[in-house]
Structure formats: structure tokens, C-alpha cells
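These protein sequences, in sequence, are chains S and U. 65 is the number that this note's numbering gives to position 65 of the first sequence; each next residue is one higher, with no gaps. 405 is the number that this note's numbering gives to position 5 of the second sequence; each next residue is one higher, with no gaps.
Please keep in mind that the hints were generated in silico from the structure rather than gathered at the bench. Because the structure is a prediction, the values reported are computed rather than measured. Keep in mind that the hints are not guaranteed to be accurate.
What the hints assert, rightly or not - Here are the simulated distance ranges between beta carbons:
no. : chain 1 : residue 1 : chain 2 : residue 2 : range
1   : S       : Phe129    : U       : Val405    : 55 to 65 Å
2   : S       : Thr395    : U       : Val405    : 23 to 33 Å
3   : S       : Ile347    : U       : Val405    : 27 to 37 Å
Unchecked claim - Each computed SDA-like pair below joins lysine to any residue, with the alpha-carbon atoms no more than 20 Å apart:
no. : chain 1 : residue 1 : chain 2 : residue 2
4   : U       : Lys408    : S       : Thr311
5   : U       : Lys403    : S       : Glu81
6   : S       : Lys289    : S       : Leu326
7   : U       : Lys402    : S       : Glu78
8   : U       : Lys408    : S       : Ala82
9   : U       : Lys402    : S       : Thr311
10  : U       : Lys408    : S       : Leu165
11  : U       : Lys403    : S       : Gln66
12  : S       : Lys289    : S       : Gly186
13  : U       : Lys402    : S       : Asn57
14  : U       : Lys402    : S       : Lys289
15  : U       : Lys403    : S       : Glu310
16  : S       : Lys356    : S       : Ala346
All C-beta atoms, glycine included, are put in the ideal place defined by N, C-alpha and C.
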Amino acid sequence: MDAAAVDLDRPLRLYPLTFLEEGDEVTVGRADIDSYGLFPADGAALLRRLETGETPNDAARWYNTQYGETVDMVEFLEVLEAFELLVPDGEEVAEVRAVRWQGLGKALFSPVAWVLYGLLFIAGIVAMFREPAVVPTYQNIFFTSSSLVALALGNVLGQAPWILLHESYHALAGRRLGLNSSLSIGRRFYYVVFLTKLDGLVAVPRRKRYLPMLAGMLVDVLVVTGLTLGAVPLVSSDGFAGFLGRFLLAMAFGTLLRFAWQFYFFLRTDLYFLATTVLGCNDLQSVAKGMLQNRLYGLIGRRDKIVDAETWTPRDREVARWYVWLMVTGYAVLTGLLITAVIPAAIRITGLAVGKLFSDTSPLNVLDVTVFLVLNFGELILAGILAVRGYRRRTLATAN
Amino acid sequence: MKKIVVRKAGTVRLTSAATC
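Could you put together the complete structure from these sequences and hints?
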């Protein structure tokens, strides 16, 4: 559909839209494809006129009467088209389907569930006070001394079910509100992450966004206390029972580390989204990066590269002025950690593995060393691959 | 002519570190 060629004396067809009024702006969009825009109040009012079946010309006349100005209707229709809000000619609007698992989402955050979560948490804390052997400590990671591969395998694969549970809780807290979600793998600096896409949250009132954002960390706490409770009767045993108890504690400590990782808010973790929601921001990280790039381009005289600050919301601009320094400091600290800890550790681990390889070249030992190296460096290498792919995609998009 | 400026809404990606 070409907005310029639209007959302005015929009503338009629009997809089912959601409207959320917040202060001076209205978030309008389509829940089925998660396409949302922040409209000024007059723009949202004009859109509502079109939605009721008024022709664009009639709506423009109404706008003129209401606001005393002539609206650029063709340009407004181009905006609606860019957000895919207009139904193209010859296309039917599919019925909006209810999301799956909404019932489970409601059950997991029902009053009964909250009571059970509270009891589990209290029982876990009491167990830690009564049984010092199950208190989380970094030594719990070393649950076996039989094989380095078994140790690395246990710590990497042992997190998989709890990561999926973390992401499922985000998704189900979203489903409870009737929102679509999807799971993918992405990267945050040199960390590989699992991501739950919940763009529909921008269309629900802010106070309802907190639970879906915090649901993952909530379940992390429950996993730590649950695994700790499970380890209590096992940890002082011999044989397999003792091994199982130690493995449960290793998984609990790994979960605790992932919980702590959420405090790296500048990597756009769950706590970043929580903070930006509280602060009333829209896309703080992008604005902070844009602000930093503008400053750098200004310094090197590339004024043609500077992004117009008017494209950012006033609140984002206001917060980004101080957030940008937190973000830069955060990245600097993580870079320092990479140079002083991760890379030296990687070199040392590789040295040990290569030494072991040359001391015994039997197929079993080669396999042992290979698996060990993959487990240790797989994540860093995958993060590197994702970074290169992302850079290429951005370069290609800019070139086009 | 009054132009109506519409900004793109931010995205929400809730994360968990993959593992170390």
C-alpha cells in the first residue's frame, strides 16, 4: 500500500490496536506482531477517529477544528504504514488468538503459589542456618575430584534446566497477562545469554510489568533454596547419595552466580529493564549509546554522523545524561576483568590441557582434553561468533 | 502543516546468562 496513493475520502482498515495512555504519550500498537509506537496525545486521538471508520479527510477536518492546525495526513498515514497498523488491500484480518499457557501462568502467580514460594524460601533459609554444610560457597562448585571433564560438564549442563525454568517464568508471567513471548539465544558483551522476548510489555501499565521482569530472579531464589533443601539429607552421606548432595549444591551455587550476574544492569539484564521501567524510560541503553557516539563524532568533526536527539524521548535524554557514565564504567570494569582474569585463566587452562594432551595421546585422553576445552571456551567462542554476525548484519543494513 | 512525530517503542528482552 502506498500512503500517498490512498483515497482520502474512503475509510481505512486498521488491525486491532491496543492503546495505553501514559502522561503526554500514548503507546499504540499491534499485540499480534508486537509493533508499537509512542504517539503524542493528538496523534493517538486522530488515530482513534480513523479507527472508528472516519475517512482521513474527515479526521483531518476534525483535527483542524480540535487543535487549530492543519495536520499532514499523508505523512501520518506513512507512519501508520511503517508500524504496519494499516491493513493492505485484499488482505483479511486474522482473528486474534488467545495465547497458550495463560492458565498455567495465572496458577504460578496465584495467592496459593505465593504462599508455597514463601514457605520454600523460609525452609531453605532455616536449613542453611541449621546445617552449615549446605550454605552456598564457591567451594560447592567442586562437587567431584574424579575428573575435570565431569566437573566442567556438571557445572555447565547442570545449569541448563534452571536457565530454562528462569526464562519460562518470564514467559509464563507474560502469558498470564495475555502476552506473546519467544525464546532465543543472544549475547551480552562476552556472555552468551538466553533471551525471552516480551515486547508486548510496553503496552501494559507499568505497575503490571514488574512481575514478568522479576519472575526469572524469583525462580532463581526458589531454585537455590529448593536445591539446598534437597541436599540436606544427602550431603553427609557416602557414595552416590553424598555425590548427589554435592551436585545439588553445585547447581545451587551456579544459580546464585547467575542471579548475581543480573546486577550487571548495563548489559541490559532483568534489573536494567526493572530500573528503566521505574525511571519511566523507553529505550535508555540505545539513547545512552547514541549520546556517547554523538559526543565522539563531535570530537572528531564528523558532524554528519550525529543522530538528531529529537528522535529520543525527553525522559530517555534526561536519564541518559548520567546513565551513560554508569554504562561506560560498567563496560570498563568488565573489560578489566576480561584482561586481568578471564584471559589469563584461559591461557593457564589451555596450557594445562595441552600439557595433558602431549603426555598421553590415547584416543580417550584426546577426547577428554577436547571436551574439557570445549566446555571451558565454548561460551566465549560462541559469544565471539554472535558478535561478528551482529556486526556484519549491522554493516549490511547500513550499506542498504 | 503539522507533522505528528511517533517514536518507536523500546523492546523488552529478559535474560539469563548461559552458564562460568
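Restraint check for Lys408 of chain U with Ala82 of chain S, where alpha carbons must lie at most 20 Å apart:
holds (10 Å)
Between Lys289 of chain S and Leu326 of chain S, does the CA-CA distance stay at or below 20 Å?
holds (12 Å)
Can you tell me whether the CB distance of Ile347 of chain S to Val405 of chain U sits inside 27 to 37 Å?
Violated, at about 52 Å.
Would you check the hint for Lys403 of chain U and Glu310 of chain S, treating anything up to 20 Å between C-alpha atoms as holding?
holds (14 Å)
Look at the Cβ atoms of Phe129 of chain S and Val405 of chain U and judge whether their distance stays inside 55 to 65 Å.
holds (57 Å)
Is it true that the CA of Lys403 of chain U sits at most 20 Å from the CA of Glu81 of chain S?
Satisfied, since the Cα-Cα distance of roughly 15 Å is no more than 20 Å.
20 Å limit on alpha-carbon distance, applied to hinted pair Lys402 of chain U and Asn57 of chain S:
holds (15 Å)
Starting from the range 23 to 33 Å, see whether the pair Thr395 of chain S and Val405 of chain U falls in it by beta-carbon distance.
holds (28 Å)
Keeping to a limit of 20 Å between CA atoms, is the pair of Lys289 of chain S and Gly186 of chain S held or broken?
With a Cα-Cα distance of about 19 Å, the restraint between Lys289 of chain S and Gly186 of chain S holds, given a limit of 20 Å.
Would you mind confirming whether the straight-line C-alpha gap from Lys408 of chain U to Leu165 of chain S stays at or under 20 Å?
violated (31 Å)
Starting from Lys408 of chain U, check that the Cα of Thr311 of chain S is at most 20 Å away, please.
holds (9 Å)
For the pair supplied as a hint, Lys356 of chain S and Ala346 of chain S, is the alpha-carbon distance within the 20 Å limit?
Judged against 20 Å, a Cα distance of about 15 Å means the pair holds.
Hints 3, 10, 14 from the earlier list are contradicted by this structure; the remaining hints agree with it.
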